[in-house]
Amino acid sequence: MVDFTINEKEQAIIDEIHKEGLVCRKYARYYDVNETEIPPEAFPEAKDFDHIDAMFLDRGEDACGATVFGILALMHRNWGDHLGLRLPVRALGNSSLDAAGTPEQKEKWGNTVLAMANTEPGCGSDSKAIETTAVLDGEEWVLNGEKIFVTTGIRAEGVVVWATLDKSAGRPGIKAFVVMKGTPGMEMSKKEKKLGIRVSDTAAFVLKNCRIPRENLLGLNEEIKKKGGGSFKGLMKTFNLSRPATAAIGLGNVMAARDFVLEALEKEGVPVDWEAGPHKRSAIQQKLIDMEAELEVAILATHRSSWLADQGKSNNLEASISKSKGGDACRVSVKLALEVLGALGMTEDQLVEKWFRDARITDIYEGTGEIQKLIIARQILGYTAADLQ
Amino acid sequence: MITFELTKEQELILKTAKEFASGELKDIARDCDEASQIPKKLLDKAWEMGLANAAVPEAYDGIGMERSAVTSALVYEELGYGCASLTSAIMAPSAFIQPLIDFGTDAQKKKYLPLYGGEKFEPAGLALHEPHYTFDPTDMKTTAEKKGDDWVINGIKRLVPFGSTAHYFLVLANDGSGAGLSNIEAFIVPRDREGLTINTENEKTMGLKAFPLSQLTLKDVTLSAEERLGCENGINGQQLINSIRVANSAICVGLSRAVMETSIPYAKERIAFGKPIATKQAIAFMLADMRTEVESMRWLVWKAASQLDQGVDACKATILAQNYVRKQTVKIADDGVQVFGGHGYIRDFPMEMWLRHALSLTLMEGVVSA
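Protein chains in written order, with our numbering: chain A, 1 to 389; chain B, 1 to 370.
The following block holds chain A by itself, in its conformation from the complex (with noise of 0.2 Å):
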C-alpha cells in the first residue's frame, strides 16, 4: 500500500537529529569564515546526542526500508548544517572498499577514513579520462598524477586513488588504489577554498613516482578486461547509492531554506494560504509554492531510488533522477527562498545565505546535473556512450 508517512519512533529519530541540528547551527557561521580551520573530532555538545544511533536499531513495526531512513536521516542531519557534531569515520574512498573491497581489504581498512580522488585537472565527470598512472614495479605499484577537489582530503587518513594501468585501454584500464597519508611521493598540494560546504574539506594531491605496495589495489583484480566495465563499474556502482545521498545532502539545505522563509513570513503576518485560487495569489505566494514543488519532488526521488535499493531492484536510472532533481531543488528552490527574504536575505543575520552557498554544490559533484541527464536519456534510449557523448 502506497505510503509516504513514517512512524513514531522514526519522528522521534528525525526530532532528535534536529535537536543535534541546531547545535550545529551555533557552529556553522564560525567554520564558514574560518575556512582553513578543521574542526574538533568531537564537539563539546557530541555526548548529548550519542544515543541518536541507539536509536536506529529500533525503529518499530512497519518501518521504513535502511535505505529509505537512512538517507531520510541524513537528508535531515544536514538540516541543522554540513557540518557535524561528532566527526564521520567514513567517507566516499569508504564507499569504494565497499564496493570493490576483499573481504581482507575490507577488514584492514575498515576503520579508517578514506578519502576519494577521483576529479583531475583535466577530468571531471569524464572519469574515464583520467590520466593518472599505476605501473607495476616487482611488488610495488608505482602512481603518477594530480587529483583535484579530494573531499575530506585534509582529514582522512587514506585516500583511494582512482589511476589508470592502461590508458589505451580506456575505462577497464581504470583501478583504484589505497594510498595511506604519508607515503613518499604524495603530497598534499592546496587546500581548495569553496563558495560554500567550507567546513568540508576539500584538498589537491600531486603523486609523484609514490609507491605502494601491491595489495593495494582494491578487489586485486590486475587483469584489464577487453570488454566490458572491470573496476570502473565498481565506481560507477559506489554512484548508485550515493546519488540519492548526495542530493539528499543538499536537500536538507533546502528543507532548512524552506523552514526558515515559511517562519520568517508568518512572523511578519504573511502566512501561506494553500486553499488560494491561482488568481488571488501573490507573486510570493507562487513562489513558495514552486519552492515546495520542487523540494518535495526531489525528496520523492530520493525515496523513489532508495526505495528500489531497498527492494534489491536495479535503481541506476531513478539513482540519476534522484541526483538530477536534487540538484534542480537546491538551485532553484533556495533561490526562490532568497527572493521571498528580499535584501535582508543576502545578510549573515541568518544561515539562510549560507544554504545557498553549500546546496549550490549538489548539481555539481558527483556528476553534474546534465551527466544525470545523459545517463537518463541514453537507458530510455537505448544508447551506449559511444552512441550519446
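Hints listed in this document are in silico derivations from the structure and should not be mistaken for laboratory results. Note that beta-carbon positions come from the ideal geometry of N, C-alpha and C, so glycine has one too. Don't take each hint at face value.
What the hints assert, rightly or not - Within a straight-line C-alpha distance of at most 25 Å, the following computed DSS-like cross-link-like pairs (lysine-lysine) qualify: (1) A:Lys108 to A:Lys167; (2) A:Lys335 to B:Lys316; (3) A:Lys267 to B:Lys316.
As the list claims (entries may be wrong) - Rough simulated footprint, nothing fancy, chain A against chain B, three-plus residues with beta-carbon under 8 Å: (4) 273-284; (5) 296-306.
Please arrange chain B on chain A, whose structure you already have, making use of the hints.
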C-alpha cells in the same frame, strides 16, 4: 512506512486499465477527436468494466471495491495514456458517484447510487466551472441560499459533462459565507427541475473535443434539504475539490507518458544530418526531462492521493501536485511537438492533439474524481 508498493488488487486493476487503454482508447482517439464524438459502444464497455462506478457499495447494487484515491490515480494514469479526452468522458460520472459515496446520507445513497449500477453507461456530470476568467473553486459565483427548509441556487456553469443526456448533475455552489473550500455546497439537481436551462449544444473547445460539455444556467432553482449532498452535514469541500484535482492530474501524468513513449522511438528513427536526432543532446535532454518529470509528477500525485486515502488534510499536497503537473504536462506536450518538428504540427500524428489536450486539461480544475 515510506513505500511505493502496490497491493495485489491494485496491480490487477492497473493491468486491466492498461489493456483497456491500449485496446479500446488509443486507436480511436484521433477519429473521435476529428468527429468531436465518442462512440456509445465505448462508453458502455467502460461502464461494464466498472471503471467509473466500481466503488459503489454492494448494499447499493455496486461492486463494492475499496474506495481509494491511489487506486484511482493508477487507473487515471493508464487511461490518460490511452486518451485524455475519452478518459474524461468515460469517467465523468465518477464526479457524481464518488462524492455521493463519500458524503451522501444513507437515504441519498439508496436513492441515487443504484441508478449507476446498471449495465449501460449512465451519464452524470459535475457542474463546477463558471464563465469568469478569474474562476476559482474557492470563490464561486454560483450561490446557494437557504430559504426555509429549501435551498435556492443561482448561477451559470460551463464545461459540464453530458449536459444533453445526464439525468442528474452535481452542482457546486458557494454558501454565501465568503471564500474558501469549506464554504462549498453540493446539490443533486435533476435535469427537469424548474429554473434549470441546459444548452444542449456542445461547448466547442481546443482539446478534449470528443468529450461532450455543456452550459447550465440556474435561475432560482429550488432544491429540498434532501437534495443537498450530505443533507444537514453538507460536504467536505476540500476533499471533494482535492479528489477532482488529483484525478485530473493523474490523467495528465498518463498523457505526458504517452508523449514521452511516442517521442523516444521517433527520435531514434528520424535521421538528420546522417544521424538519428536522438543522438543530439538538444533532443536527448528533452527526452530525459520528459522521463524525469513523468516520474516526478506521478509521485506528487500519489502522495496527494495517499493523503486523501488516509483522511488527512491533503490541500497542500494537492496544490503542489496540481501546480507542478500543470507546468510539466504542457511543457512535455509542447516538447513532443518540437521533437516531431513539422510532423508534430500535422494532424496525421498525435502530437498536436496531445498538446491541445494538455492545455485543456491543465486549464481546467477537472470534472472527474479520484
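* **8 Å C-beta test of the region 273-284 of chain B against chain A, three or more residues** => That given contact holds, which follows from 4 residues of the region 273-284 of chain B lying within Cβ reach (below 8 Å) of chain A.
* Verdict on chain A covering the region 296-306 of chain B, where coverage means 3 or more residues with a C-beta closer than 8 Å -> holds (count 7)
* Asked: Is the straight-line distance between the alpha-carbon of A:Lys108 and that of A:Lys167 25 Å or less?
  -> violated, 30 Å
* Given pair status - B:Lys316, A:Lys335, alpha carbons within 25 Å -> holds, 21 Å
* Below or equal to 25 Å on CA atoms is what counts here, so check A:Lys267 against B:Lys316. => holds, 20 Å
Going through the hint list in order, the structure does not satisfy hint 1, though it satisfies all others.
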